[in-house]
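Student: Chains as they are written, first to last, in the numbering used here: chain A, 1 to 102; chain B, 103 to 628; chain C, 629 to 1153.
Don't read these hints as lab results, they were simulated from the structure. Wrong hints could be hidden among the right ones.
Each pair of labels, with its calculated beta carbon distance range [stated by the list, open to error]:
| id | chain 1 | residue 1 | chain 2 | residue 2 | range |
| --- | --- | --- | --- | --- | --- |
| 1 | C | 832 | B | 163 | 15 to 25 Å |
| 2 | B | 542 | C | 1078 | 39 to 49 Å |
| 3 | C | 684 | A | 61 | 38 to 48 Å |
| 4 | A | 72 | C | 1070 | 53 to 63 Å |
| 5 | A | 96 | C | 987 | 20 to 30 Å |
| 6 | B | 285 | C | 828 | 16 to 26 Å |
| 7 | A | 69 | B | 285 | 29 to 39 Å |
| 8 | A | 73 | C | 734 | 25 to 35 Å |
| 9 | C | 683 | B | 122 | 29 to 39 Å |
C-beta atoms are modelled at their ideal positions from N, C-alpha and C, and glycine is treated no differently.
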Amino acid sequence: MIQLEYFLLLAAALFCIGIYGLVTSRNVIRVLMSIELMLNAVNLNLMAFSNYLDPASATGQVFTVFVITIAAAEASVGLAIVLSIYRNRDTVDMEQFNLLKW
Amino acid sequence: MLTPLLLIPAVGAIALACWSGCSAQRARSLALATAGTTLLWTVWLFTQFDLTDPGFQMREFLPWIPQLGLNYDLGLDGLSLLMVALNSLLTWIALWSSPTTLDRPRLFYSLMLLVSAGVAGAFLAQNLLLFFLLYEVELVPLYLLVAIWGGEKKTYAATKFLLYTALSGALMLAGFLATVLLTDGLDFRYMTAMGQTLPLVAQTILLGCLVVAFGIKIPLVPFHTWLPDTYVAASTPVAMILGGVLAKLGTYGLFRFGLGMFPDAWALLAPYLAVWAAGGVLYGAVTAIAQKDIKRMVAYSSIGHMGYVLLGGAALTDLALTGAVTQMVSHGLILAILFHLVGLVEAKVGTRELDVLNGLMNPIRGLPMTSALLVLGGMASAGIPGLMGFVTEFLVFQGSYATYPIPTLLAVTGTGLTAVYFIILLNRTCFGRLDNAIAYFPKVSFTEQFPALILATLILFLGIQPNWLVKWGEPTASSMVALLLPRSVEVIAGDRAPTSPVALETPADLSHKALPIAVAGLKSLP
Amino acid sequence: MDFSALAAQLNAGAILPEGIVIITLITVLVGDLIGGRASSRWTPYLAIAGLFAAIVALVYQWDTANPIAFLGGFNSDALSVVFRGIIVLSAMITVPMSIRYVEQSGTSLAEFIVILMTATLGGMVLSGADELVTIFVALETLSISSYLLTGYMKRDPRSNEAALKYLLIGAASSAIFLYGVSLLYGLSGGQTRLSAIAAQLAADSSDAPIGLVVALVFVIAGIAFKIAAVPFHQWTPDVYEGSPTPVVAFLSVGSKAAGFALAIRLLVSVFPLVSEQWHFVFTALAILSMVLGNVVALAQTSMKRLLAYSSIAQAGFVMIGLIVGTEAGYASMVFYLLVYLFMNLGGFTCVILFSLRTGTDQISEYSGLYQKDPLLTLGLSICLLSLGGIPPLAGFFGKLYIFWAGWQAGAYGLVLVGLITSVISIYYYIRVIKMMVVKEPQEMSDSVKNYPPMRWNLPGMRPLQVSLVVALVATSLAGILSNPLFTLANDSITHTPLLKAAIAEQAAAMVSHTETVETIAIAPQ
C-alpha cells in the first residue's frame, strides 16, 4: 500500500504549481484555473488524511464534497465577473486592468 | 462648584454653533456674556477659596469609566485657581478684542469658548486621563482657529502646531500609562499617582518623557520651532489665548505632574533643568533681538519668559516656586497686552515691520494711547520695577539664586537682553519722526483699546500690590516644596549616593525666611 | 437514535438569529419576484426589520445555558453573540445607506439587499463557527457574496475590475487557508471540531511541531487577508476605490469584524501550542499595518482610498488587543470594533452623500464644502476626528482602551508604535477637514460650486439621513456615555468559557515564567 507521505507530497506539488500559475499567468481564465488547482491539492490532502487516519467517520471526504461545491460556486461567480468585464473592456488580460492602481 | 467653569463655556459654544440664524453682533454679545459669566464665577471662587488649606478644595467626583480608571474628578488649589482665573480673564479679553468684522463669527466664538472650557477643565482635572482628555480637546478647535482666521502661512503654521501638540499628547499618555501601570495601580487619580514609590531610574525616565511632552507645549528650546510660526500666523485674539493660556498648560503640567509625581527624579534633574531654562532665556532674548517683525519679536520674548518659570520650578525653593507660579500669571497678562497692541498697530498702520514703523507716539496723527500702552507693556515684560513683570521675576531670581547661582545670573543677563530688544521695538515703533506721507491712520476707538486698558491696570496694580497675587499661589507652592523636600532628602540620603547631586537642605531653610522678607520688601518698593 | 436526544444535541435554537436573517432574505427575494420593480418600496424596510429582529434574538441568546449547537459545529457563546451583533448592526446601517445609491445607479435594489444579507449571514455563522467545515462554508458564503457586491455595478468597468481583483486574491487566499485547514485535519488525526483538534494536538506532542507551524502560517494568511493586515492588504485600496460605496462600508466593518471573530476563535482554541509563533507573526502584522496604513494614507487623493488605508491602520490597532490576549485586551477589541462600526459607517455615509450630489470622491473636490452643506461637513468632520482619536468622540475612548490594555500587558513597543502612528493619522484626517472647513469661498472646487441644494424628500434620502444621524449620534455620544459599552465588551469576554480558559492559562504561564526567571536570577547566589 502506498504511504500517506506520497499523497501529501503530490498535493504539495500541485499546490505549488497552482501558486506558480497564479503569480505568472496574465490571462484571467488561467488564474482561475490555477486557483482550482490549489483547491484540488487541498482535496487530495483531505482525501488522503481521511483514508489513512480517519477511515471510520470519513469526515475528510465530506469536507471534500463541500470544497468541490464551493469551488464550483466560486468559479461560476468568477466567470460571471470575467464575462461582464470582457463586455466592458474587450479583454481578459490582467495587464490591461489598470483603472485602479494595482 | 467647579463644573460651571467647564459647563458654561461649553454650553455657550454649543448654543452658538447650533443657532444658525444668529447675526455677528448677537454672536459676539452671546460669547462675551458667556465668558463674562465664567469670569464672574471665577471671581466668586476666589471668595470661596480657603487660603489656609494648601490641599485640593471643592472636590467634585463622578465615576465615569471605572474599567479604565478614568473618572470625572476636579479639584482646586492655589496653582489651579490662578491658572483658571488667567484663563477666564484672557478668554473674555480675547473675545472682546476680536474684530467685529469677522468671517464666520459663530464658528469663531464657539471654538474660542470650547478651547476655554477644555483648558479650564485641564487646570482642574485630578485624574491623569481626564487631564489628557481635556488637553487633547483643545487641539482641533485651536487648529481651526489658526487655520481659518490666521494670517500668512496659516495652514502651514496650524498643521505644525497640531502635529507638535499631538505628539506631546502621545508622549504624555505614554508617560501617564507607564506611571500608573508600573505601580500596579488601576486608578488614574492624581493623588494615587503622587504616592508612587518607583525606583529612581524609572522615575527619571518617566519624568524625562513628561518634560519632553510638556516641553513641546511650553515650548522649551529645541522643541519651540512651532511657536514663532503659530503665534505669528494666529490672529490677535487667538495669539493671546495661545501665548497667554495654552503655554501655561505646559508649565502647569510640568509642575503638577512632573514635579508633583516624581519629586525625587525632579530633584535629580533640577540642575540640568535650571541650565536648560537659562539657555532658553538667553536664546529667546538673543533671537528676539534679531527679529524685524514686531509680532515675531513678542513671540520669541515668550520663549525667554517661560524660561524663568522653568528656572523657578527647578530651584525647588518655595520662594522660587511661588515666583514661577506668579510669573506664569504675569507672563500671561503681559503677553496678552503685547499681542493685543501689536495687533492694533498692525490693524491701523498696516504693517508689523520694524523698518517701516516709526513715530507712532505722535500725539496728533499717530496712535499716542496705543503707543503709551505698548511702552508700558514692554517695560513690564523687560522687568522694570513697579510693574508686575519685575515682581515675579524678582521672586524667581531671589529664590533660585541660592540653589543655582550661575543659571540665575545667566537668566538675569537674559532680562537685560529683554530690555535691549524692547528698547529697539519701542524706539523704532513709538518714537522718532512720523512719516507724513503714510501717517493718516484710522482712529483707535475706546472699545478697541478697552482690553489693553484692563490688562495695563492689572499689570500696574499687581506690580504695586504683589501680595494680592502672591498670596494665592504661595501656600500651594510651599506645600509642594514642603511635601517634596523631606522625601527627596530622605531618598537621596537613603541611597547614599557618593556624590549627592543637589544639596537641598539649605535653600529650604533659607526660603522660609526669605519669602516674607522679599514680599515685604516688594511692598515697600514703589 | 432517540429523536428528542438528537434535537437536544442539535440545539437549533442557537441559530435563531441566522434563521431570522434567512427567512427575511427569502421573503425579500420572493417579494421582489412577485412584486417586480414596485417592491423596492418596502423590501429595504423589511430587510431592516428582519435584521433588527435578528438583533433582538441575539440579545435573548446572551448567556444561554447551552451555547453549543449542531453537535459542536456552532458555538453561541457571548463572544460570538457580540460579534454577530456587530455584523448585523453594520448591515442594518448599510441597508438604508444603499437605497438611494443603488436606485440612482439603475440596478435592482432587492437583489442587492439579498446579496448583502447573504454576506451578513456568512459573517454571522463565521463568528460562531466552531468546526472546520462550518468555518470554511461560512467564510466562503461571506466571501462570494462580497465579490458579487463589489461587482454589483455591472456597467462600471471600475467596479468590474475591483470585483475581479477581489475575487482572484480572495479565492487564492481562501485556497491557502484551506490548505492550512487540511493540514490541521491531518495533524489532529481526523478531527474537525476546534476543541477536539486542540485536545488531540496537545495529547500528541508537548512542544511546537513543525507541521503545526506550517498550518499556522497558511491559516494566518487567510485570516490576514480577511482583516486586511499588511502585507495581505494589497486588494483593499483597489477594491474600496472601485466598488459601490455602501459595499465598502459593509466590507470595512462587517467583513472585518467577522475576520477578527475567526482570528480569536481559531488562534486561541487551536494554536495554544504555537502561541509564541502566532503572537510574533501578529505583532509583525500589527506594526506593519499601523505604520504602512497610516503613512500611505498621507499620500492619497481619493477619499475612498484614504478610508481604505485608514481601515488598514485601524485593523492594526485592533490587533494589539488580540496580541496582548488579556481580558482587557479582548474587551478592548470588542469595544473598538463597536465604536469603529459607527464612526466608519458614519464616514462612509457622508462620502456617499457627497458622491450622490457631485459624482466624485476626490478629496480636493471637498474644498469649501462648509459653505454649501454645513451638516455634511459637520458629520464627516466628527467621524474623521473620531477615527483619528480626538476626544471626546468615541474613537478616542476606543484607542485609549486598546493602548491601556496593551500597556497593562507589557506590550510597550506596540503601544508606542500605535501612539506615534495615531499622531500621523491625525494629519491626514485633518487634511480632509481643512479642505472642507478652512478653504476660502474663492477656493471652492467646481463640484462644490455646482452643488445641488439638499433635497431630503427624494426617494431613499430619508433612510440615508436616518443612518447618518444614528451613526453621528453614536459617534459623538458613545464616548462620553461609554460605560454600558465597556460593560458589554467586558462581559462578552468574561462570559466566554474559551477565552476565560485561555486568559487563565496565559496568566499562569506568565507567573511561572517570572518565577523561572526569578529562580534563575536567584540560583547563582
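Student: Is 39 to 49 Å respected by the C-beta to C-beta distance linking residue 542 of chain B and residue 1078 of chain C?
Tutor: holds (44 Å)
Student: Return holds or violated for the Cβ distance of residue 683 of chain C and residue 122 of chain B against the range 29 to 39 Å.
Tutor: holds (35 Å)
Student: Quick one: are residue 684 of chain C and residue 61 of chain A within 38 to 48 Å, going by C-beta?
Tutor: Given a distance of about 40 Å, which is inside 38 to 48 Å, the answer is holds.
Student: Evaluate the given range 20 to 30 Å for the C-beta pair formed by residue 96 of chain A and residue 987 of chain C.
Tutor: Check passed, 25 Å falls within 20 to 30 Å.
Student: In this structure, is the beta-carbon distance linking residue 285 of chain B and residue 828 of chain C contained in 16 to 26 Å?
Tutor: For residue 828 of chain C against residue 285 of chain B, whose Cβ atoms are near 44 Å apart, the range 16 to 26 Å is violated.
Student: Regarding residue 73 of chain A and residue 734 of chain C, is the given constraint of 25 to 35 Å on their beta-carbon distance met?
Tutor: The hint (25 to 35 Å, Cβ to Cβ) holds, given that residue 73 of chain A and residue 734 of chain C are roughly 27 Å apart.
Student: Given a hinted range of 53 to 63 Å, is it respected by the beta-carbon distance of residue 72 of chain A and residue 1070 of chain C?
Tutor: holds (59 Å)
Student: Regarding residue 832 of chain C and residue 163 of chain B, is the given constraint of 15 to 25 Å on their beta-carbon distance met?
Tutor: Given a distance of about 56 Å, which is not inside 15 to 25 Å, the answer is violated.
Student: Is 29 to 39 Å right for how far apart the beta carbons of residue 69 of chain A and residue 285 of chain B are?
Tutor: violated (58 Å)
When the structure is compared with the earlier hints, violations turn up for hints 1, 6 and 7 and for no others.
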